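Residue numbers (numbering that gives the first Met the number 0): 0 to 138.
Any given hint might turn out to be false.
What the hints assert, rightly or not - Under the rule of at most 30 Å between Cα atoms (straight-line distance), these lysine-lysine pairs were calculated in the DSBU-like manner:
{"no.": "1", "residue 1": "Lys-122", "residue 2": "Lys-80"}
{"no.": "2", "residue 1": "Lys-122", "residue 2": "Lys-82"}
{"no.": "3", "residue 1": "Lys-67", "residue 2": "Lys-95"}
{"no.": "4", "residue 1": "Lys-116", "residue 2": "Lys-48"}
{"no.": "5", "residue 1": "Lys-11", "residue 2": "Lys-67"}
{"no.": "6", "residue 1": "Lys-95", "residue 2": "Lys-80"}
{"no.": "7", "residue 1": "Lys-134", "residue 2": "Lys-61"}
{"no.": "8", "residue 1": "Lys-82", "residue 2": "Lys-11"}
{"no.": "9", "residue 1": "Lys-134", "residue 2": "Lys-122"}
{"no.": "10", "residue 1": "Lys-134", "residue 2": "Lys-116"}
{"no.": "11", "residue 1": "Lys-82", "residue 2": "Lys-134"}
{"no.": "12", "residue 1": "Lys-67", "residue 2": "Lys-116"}
{"no.": "13", "residue 1": "Lys-95", "residue 2": "Lys-11"}
{"no.": "14", "residue 1": "Lys-116", "residue 2": "Lys-80"}
{"no.": "15", "residue 1": "Lys-95", "residue 2": "Lys-61"}
{"no.": "16", "residue 1": "Lys-48", "residue 2": "Lys-134"}
{"no.": "17", "residue 1": "Lys-48", "residue 2": "Lys-80"}
{"no.": "18", "residue 1": "Lys-80", "residue 2": "Lys-61"}
{"no.": "19", "residue 1": "Lys-123", "residue 2": "Lys-134"}
{"no.": "20", "residue 1": "Lys-123", "residue 2": "Lys-80"}
{"no.": "21", "residue 1": "Lys-11", "residue 2": "Lys-61"}
{"no.": "22", "residue 1": "Lys-134", "residue 2": "Lys-80"}
{"no.": "23", "residue 1": "Lys-61", "residue 2": "Lys-82"}
{"no.": "24", "residue 1": "Lys-122", "residue 2": "Lys-48"}
{"no.": "25", "residue 1": "Lys-82", "residue 2": "Lys-116"}
{"no.": "26", "residue 1": "Lys-48", "residue 2": "Lys-95"}
{"no.": "27", "residue 1": "Lys-95", "residue 2": "Lys-134"}
Simulated from the structure, these hints should not be mistaken for laboratory data.
Treat the numbers as computed from the prediction; the structure is a model and nothing was measured.
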Amino acid sequence: MEVCTTIRVRYKETDQMGVVYHGNYFTWFDIGRTEFFREFNMEYGNLEKVGVLLPVIEANCKYIIPAKYDDEIIINTKLVKLKGVRLEFEYTLVRKWDNALIATGNTVHAFVDRNLKPINFRKKYREIWGLLESKVEIG
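All chains should be modelled from the sequences, with the hints used to inform the complete structure.
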C-alpha cells in the first residue's frame, strides 16, 4: 500500500543554485516514512517508547529533475520488504502541478533495541508485524 504525503518546498531548503539541496530529499523520505506509520496508527514515537528503534542502514536517491522553491511535492511511500530484522521503503517524489517525477529512492532499516542490538520484532510484536506484513507492496 502506498501512502501519499504533500509538502511544499520552503525557501530554506534551496541552495545557491535555486534548487532543493540534495540532502533535503532524505528529509522528505523521512517525512513520508513517518506518515506511512501514522496512517496505520503506528506512530514512530510510540515504537521508541517501547524500546524499538529503526535506524537507517542504507539510503539511496536518484535525482531526476530539480525541485524548486514553492513547488508542491507529493511523497509516495511504500513498504516493499519486511524480512528478519530489516524493512525497506521505496519513495517517489512527484511535482504536484504537472506530475513530473523529481526523484526516486529507498531506505533500509533494522529493528533494534535502545542498545542498538537487533531484535526479533516479528516474535515480540506479532500484531504489529502482521499489520506491516499486510502493507508490503512488491513491484
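Structure-based check of each hint:
{"no.": "1", "hint": "Lys-122 - Lys-80", "result": "17 Å, holds"}
{"no.": "2", "hint": "Lys-122 - Lys-82", "result": "12 Å, holds"}
{"no.": "3", "hint": "Lys-67 - Lys-95", "result": "12 Å, holds"}
{"no.": "4", "hint": "Lys-116 - Lys-48", "result": "16 Å, holds"}
{"no.": "5", "hint": "Lys-11 - Lys-67", "result": "11 Å, holds"}
{"no.": "6", "hint": "Lys-95 - Lys-80", "result": "27 Å, holds"}
{"no.": "7", "hint": "Lys-134 - Lys-61", "result": "24 Å, holds"}
{"no.": "8", "hint": "Lys-82 - Lys-11", "result": "37 Å, violated"}
{"no.": "9", "hint": "Lys-134 - Lys-122", "result": "18 Å, holds"}
{"no.": "10", "hint": "Lys-134 - Lys-116", "result": "25 Å, holds"}
{"no.": "11", "hint": "Lys-82 - Lys-134", "result": "13 Å, holds"}
{"no.": "12", "hint": "Lys-67 - Lys-116", "result": "40 Å, violated"}
{"no.": "13", "hint": "Lys-95 - Lys-11", "result": "20 Å, holds"}
{"no.": "14", "hint": "Lys-116 - Lys-80", "result": "20 Å, holds"}
{"no.": "15", "hint": "Lys-95 - Lys-61", "result": "19 Å, holds"}
{"no.": "16", "hint": "Lys-48 - Lys-134", "result": "23 Å, holds"}
{"no.": "17", "hint": "Lys-48 - Lys-80", "result": "24 Å, holds"}
{"no.": "18", "hint": "Lys-80 - Lys-61", "result": "19 Å, holds"}
{"no.": "19", "hint": "Lys-123 - Lys-134", "result": "19 Å, holds"}
{"no.": "20", "hint": "Lys-123 - Lys-80", "result": "19 Å, holds"}
{"no.": "21", "hint": "Lys-11 - Lys-61", "result": "22 Å, holds"}
{"no.": "22", "hint": "Lys-134 - Lys-80", "result": "10 Å, holds"}
{"no.": "23", "hint": "Lys-61 - Lys-82", "result": "24 Å, holds"}
{"no.": "24", "hint": "Lys-122 - Lys-48", "result": "18 Å, holds"}
{"no.": "25", "hint": "Lys-82 - Lys-116", "result": "16 Å, holds"}
{"no.": "26", "hint": "Lys-48 - Lys-95", "result": "35 Å, violated"}
{"no.": "27", "hint": "Lys-95 - Lys-134", "result": "25 Å, holds"}
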